Amino acid sequence: MSDNALTIQVKNQHLPNWQTLKLILSSLIVFNFYLNIVPSVKSDYSILINLFDLVLIPMFVFIAAYTSRGISWQDWRAHLIPPLIIYVTFQSIDAIPLYFTNRLSVEEYLLFPQNGVWFFLAVPIWQAIFLLLPPFIKNKARGVFLILLLSLGIAYVSKIYLSDITGFSSIIWYFPFFVMAYFCDDKKVLWLRQHAFSIVSSVIMLVTIYLYFQVEIESGLINVFGSHLFIHHFCLYVFAFLIGVLISIAIICLSLSTERFVKIANNALGVYLIHPIICFVLLAGLGSLEIDASLPLLILLALFTIALALFLAKNRIIHWFLNPEIKLRKE
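Numbering (the UniProt record's numbering), first residue to last: 1 to 331.
Just so you know, these hints were derived from the structure itself, not from any lab.
Remember, it's a predicted structure, so these values are computed and weren't measured experimentally.
One or more hints might be untrue.
Okay, derived cross-link-like pairs now, BS3-like style, lysine-lysine, Cα gap no bigger than 30 Å in a straight line [what the hints assert, rightly or not]:
hint, residue 1, residue 2
1, Lys138, Lys263
2, Lys140, Lys159
3, Lys140, Lys42
4, Lys263, Lys314
5, Lys188, Lys140
6, Lys159, Lys187
7, Lys187, Lys138
8, Lys187, Lys140
9, Lys138, Lys188
10, Lys42, Lys138
Throw the hints in and build the complete structure from the sequences for me.
Shown next, in the form of structure tokens:
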């Protein structure tokens, strides 16, 4: 084995296994889904839910950006159809609960992607934006920082004016996390993991301080900006974004690098996409039996949902819809 090949192998052994991390994130998304859906539990664990909301989907976005930074226009064109198939398939499946709860409408189906399926349309859009940017912007820290500032401003405005009109506003809302991946490379990730103890300790301290003094921080912003509520809420949004970034850094530091779970982790998208319909059926069953969903029961339901989703993802037909493979004829 050559020295270069050995160096790459050693480096990869210390980088996070992104596929395994996606499986862990998908599993936590399932648990968060259950926490959100049961009002009594949601109120008791609102802080945990808020932390999940700050990290889980943003980490998915970051990983998508990080693992596709070298994509070319040719690769981009070759991978356009599969996201459309995934979106239409699971948007239609997720419409089933809407139908049985009398919330299904043409507007709801067309304008409001259900349960995170917007993500699969978002990735090609985000990739196209960076492909269109000139190298002197996207390959320089200053250029990426300017893109980040601009994306934060646009994301905040879209949240105010577009979120009630269409769920596709999430594509704009989460774009800043896609941009963050362009600040990183393998060397920086390795450095973070080599200093995991000090970094994770610092993150825990900073996040704890922010959560403990959150009310005081909001009051201070009101005193500073007075009646300028737009600026006040934008600052809160930036703080929340930074907290999400800090927690994400800690997760990267602690992520597993082993390939032991890769075979299971390859079906991470199955957990992400299949879990909503499983959750709906299980919760409907609990409702018909008049069983109150306590936290221990929700944990058991989450574990069962994850296991069932992984099992279903192995089915050839289902797996194809999770990862459509289309062979285009070469001209």
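Against the structure, the hints come out as follows:
1. A C-alpha spacing of about 34 Å is found between Lys138 and Lys263, which places the hinted pair above 30 Å, so the restraint is violated.
2. Only pairs whose Cα atoms come within 30 Å are accepted, and Lys140 paired with Lys159 is accepted, the gap being roughly 28 Å.
3. Straight-line distance between C-alpha atoms of Lys140 and Lys42 comes to about 43 Å, which puts the hinted pair past the 30 Å bound.
4. With a CA separation close to 11 Å, the supplied pair Lys263 and Lys314 stays within the 30 Å bound.
5. For the proposed pair Lys188 and Lys140, the alpha carbon gap of about 15 Å is at most 30 Å, so the pair holds.
6. For a cut-off of 30 Å, the pair hint linking Lys159 to Lys187 is broken: about 34 Å separates their Cα positions.
7. Between Lys187 and Lys138 the CA atoms are separated by roughly 18 Å; this keeps the pair inside 30 Å, and the hint holds.
8. A threshold of 30 Å between alpha carbons decides the hint, and for Lys187 with Lys140 the separation of about 16 Å falls inside it, so the pair holds.
9. A threshold of 30 Å between alpha carbons decides the hint, and for Lys138 with Lys188 the separation of about 17 Å falls inside it, so the pair holds.
10. Simply put, Lys42 and Lys138 have alpha-carbon atoms about 40 Å apart, too far for the 30 Å limit, and the pair is violated.
In this structure, the earlier hints numbered 1, 3, 6 and 10 are contradicted, and the remaining ones agree with it.
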